[in-house]
Amino acid sequence: MSGSKPQAIPVTPKGNFSGPVIVDPVTRIEGHLRIDATVENGKIVDVRSSSQLFRGLEIILKGRDPRDAQHFTQRSCGVCTYVHALASTRAVDNAVKVKIPKNATIMRNLVMGSQFLHDHIVHFYHLHALDWVNVANALKADPAKTAALSNSLSANRKETAADFKAVQDKVGALVASGKLGIFTNAYFLGEKKNEAYYLPAEADLMATKHYLDALHMQVKAARAMAIFGAKNPHTQFTVVGGVTNYDALKPERVAEFKALTDEVIAFIKDFYIPDLLAVAGFYKDWSKIGGTTNFFSCGEFPTDEYDLNSRFLPQGVIFKRDIAKVQNFDPKLIKEHVAHSWYVGDKALHPYDGVTEPKYTSLKDKDRYSWMKAPRYADEPMETGPLATVLVAFARGHKPTVDAVNFVLKQLNVGPDALFSTLGRTAARGIETLVIANQMQTWLDALVGNVKAGDSELYTPWKMPQEAEGVGFVQAPRGMLSHWIKIKKGKIENFQLVVPSTWSLGPRCANGKLGPVEEALMGTPIFDPARPVEILRTVHSFDPCIACGVHVLDAKTGKTASFKVL
Amino acid sequence: MKVSVGHGLSGAEKRLEERGISRRHFMKFCGTIAAAMGMGPAFAPKIAAALTSDKRPSVIWLHNAECTGCSESILRTAAPYIDTLILDVISLEYQETIMAAAGEMAEKALQDAMKKPYLCVVEGAIPMKDGGIYGMVGGHTMLDICKKVIPGALATIAYGTCATYGGVQAAKPNPTDSKGVDEVFPKATIINVPGCPPNPANLVGTVVAAIATVVDKKPLPKLDDLKRPVVFFGETVHDKCERLPFFEKDQFAPAFNSPEAKKGYCLYKLGCKGPYTYNNCPTKKFNPLDKGVGVNWPVQAGHPCIGCSEPKFWDTMSPFYEEQK
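For the record, the sequence lines run as chains L and Z. Numbering that gives the first Met the number 0 puts the first residue of the first sequence at 0, with every later residue one more than the last. Numbering that gives the first Met the number 0 puts the first residue of the second sequence at 0, with every later residue one more than the last.
In isolation and in its complexed conformation, chain L is listed as follows:
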């Protein structure tokens, strides 16, 4: 790391602008998001996060075959693909009370693990990096010095000056053509330098090359996922009762998966994590910007699908940043507020009791301003996602997580408080990736061992009940996801999705408490109101994925039955 550490911690430059700053569309996310901020003397003093698309998937699900729900809900999101298919399948598994074979759970875990590895690589390099990396500045770098910098970050890197020169040529050709394509009007471009970007040119060039390399690596990560999941995006191998993919039990398919996954994991260890630490090392001031207060996770990667406590990553709740007091997660404490959303009414209700009617007002309305509802847990806004997962696991003494957190904090030479920030959130995503990557082989070995011992069962038969209820919890790459189903006469009577991005990016609640992204943006310095990259840094650190955040339900009442939560 010696080559990457700056001499002194920089200070994010602050402008003196006062007035509104609206970012719409927020790009490099999934979905349609608008951030409406009020800036006073170069700092955000008020902000609203507004979701701009309504699709009504839950209305569409009513009256359909419960087995089909996974295919509809998976189309909530093609970026965090699979997670909705899994949540729906778990919800119906739970409703029909089928105990799926061990191998089915392992195969679901392997696909979920692959999804994390793929998703977090793409987020860091392709959705988030351009908030920190100035691609144009890379043209000024010395390729030889860049190679030296890069190779100092990992013993397994063997990059040459010629490699970096080729990337400079590629970027240079774009500039010479006058057609910048995806880099057109980037916040790092402009007649005047945007002082909010302050990586050295060599670090910019290094990151630009790895941006391109990662575009190829994500193809392999998705390919690995498709060996078990049939395709990516939008897997097609889960069914209520288990999974269908007998073909993937063949030794040659397992070997193909292992080879691809090993390559992806090597990339994570030799490139993603060192790049993350290097860039973070230059932007350490962002460890004091963009924090929130409360965190929770339902945990992920079960051995028993119905027991949240069997999950490799543990469930838990942290209030007021107090990691000494981690509590058990209790789904009964979830309520959804609509007082500041484009729906009729203002009562906070448990998901099963909700009644919702869309009622759009306008983009100028400061009172009702989003298609998202505002979910609250014990009346508090909660951050979910990698930072929450990592904090809960760290607080519970989950050794792989504790080790990874300590490694990252030591490398950055910061204390645990630094985690409560934009930088901490981005670092936690890397930590989560590393912890899951290190566990993949264990799951694969378990599957291979079972098959060798003669157990190739993937599916348990079951019968559709006339009436039933079920819930499926998934800790997705973006955080806690739950699907709630009520079955009547063998059909879907009600279906409800409570998704990560409503937790993190929803609006104010009836009590006037800001949503987590709103809280995180308060006080953020803005250098140039025409190029407010600082807003993107914090918003992207949550990895917004919001097409699924917008929903309507028309449920009567109900409560979860037979789901062993704790």
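Think of the hints as simulated: they come from the structure by calculation, not from any bench. Check each hint, because a few of them may be wrong.
Here are the simulated SDA-like cross-link-like pairs (lysine to any residue), alpha carbons at most 25 Å apart as the crow flies [what the hints assert, rightly or not]: (1) L/169 with Z/115; (2) L/488 with Z/322; (3) L/164 with Z/80; (4) L/257 with Z/78; (5) Z/248 with Z/268.
Listed below are several chain L residues computed to face chain Z (Cβ distance under 10 Å; list not exhaustive) [to be verified]: (6) 21; (7) 31; (8) 52; (9) 55; (10) 59; (11) 61; (12) 78; (13) 80; (14) 169; (15) 215; (16) 217; (17) 236; (18) 259; (19) 332; (20) 460.
Where is the CB? At the ideal position from N, CA and C, for every residue including glycine.
Model the placement of chain Z on the given structure of chain L, informed by the hints.
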């Protein structure tokens, strides 16, 4: 191989040579594209001409009501890889999922791109109800943005089942009255590439064909009555399925845990919609590396086809686990 060619400038072949890329290598690359389109090697020179032309158009990619799965799918292209496609083959001027700019700067990028000739790719359906207020970008309804961009495009490729036929949000009762591009803009030049998401090879081939059409005045690729390129959508999934021999011998898997399911028998009785679905999934498969075919597809993974590239499949092909009536 990395190929950096046109960038709207003349003398592309000379520049390629200067950078050590021989004509032979370049033509090999073009042959790969031709193969991706399902066309013979004779088509490669036409593609080369299109890609090195001074008049190569920009591409504007619009996001409507969608899940971004189609954008993600194109990131998985391997012939060519996405960086070659968007930095060297086309100029992707506006694409909300990957573009660097945001907010007003992004809107400006869109407006500037429309001043030059452009192809349009549309992802997602257009919400029509209540004047389109269920989907907004930059304070404008998706409908209004489409009205500004699509009529001026050289050609519009509707990519994915939402953009082509309305997709999941248009499933009954279609709460937002979402529609496919062709239904809203019947007079526009439209090529439909359906799928949920589609195979990215089908988009790469269609984009290159559209460029060849625009630049070389070649006829559009042959389309069927649903405006799908026949080279990709001319046969059913069933016709090319590796499990077809089982179907022909009446050998069906009766349950997902049956010995027949484990042996890879036909999934028709478990609800497979392959006979009713026109697409090239069994031959192209998904998630390829380099020029190879993909690594898997649903039927190989033991799961029935759900018919995801057919119009209104969410209603007409469901329940998915029942035999089609």
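### Task
Compare the distance between the alpha carbons of residue 169 of chain L and residue 115 of chain Z with 25 Å, and conclude whether the hinted pair is satisfied.
23 Å, holds
### Query
At a threshold of 10 Å, is the proposed contact between residue 332 of chain L and chain Z supported by beta-carbon distances?
29 Å, violated
#### Entry: Holds or violated: residue 248 of chain Z to residue 268 of chain Z, with C-alpha atoms at most 25 Å apart
14 Å, holds
### Query
Do the alpha carbons of residue 488 of chain L and residue 322 of chain Z lie within 25 Å of each other, as the hint requires?
20 Å, holds
### Query
Taking the closest Cβ pair, is residue 78 of chain L under 10 Å from chain Z?
Holds, about 5 Å.
### Query
Under the criterion of a CB-CB separation shorter than 10 Å, is residue 217 of chain L in contact with chain Z as hinted?
7 Å, holds
### Query
Taking the closest Cβ pair, is residue 31 of chain L under 10 Å from chain Z?
6 Å, holds
### Task
Return the status of the interface hint for residue 59 of chain L: holds when the least beta-carbon distance to chain Z is below 10 Å, violated otherwise.
5 Å, holds
### Task
Have a go at the residue 169 of chain L hint: is there a Cβ in chain Z nearer than 10 Å to its own Cβ?
6 Å, holds
### Query
Do the numbers back the hint for residue 259 of chain L, that is, is its least Cβ distance to chain Z under 10 Å?
The hint holds - residue 259 of chain L has a Cβ within 10 Å of chain Z, the shortest such distance being about 9 Å.
### Interface hint compliance - residue 55 of chain L to chain Z, C-beta minimum distance less than 10 Å
This hint holds: residue 55 of chain L lies near chain Z, its Cβ roughly 3 Å from the closest one there, short of 10 Å.
### Query
Is the Cα-Cα distance between residue 164 of chain L and residue 80 of chain Z 25 Å or less?
OK: residue 164 of chain L and residue 80 of chain Z at ~20 Å, within 25 Å.
Checked against the numbered hints above, the structure breaks only hint 19 and satisfies the rest.
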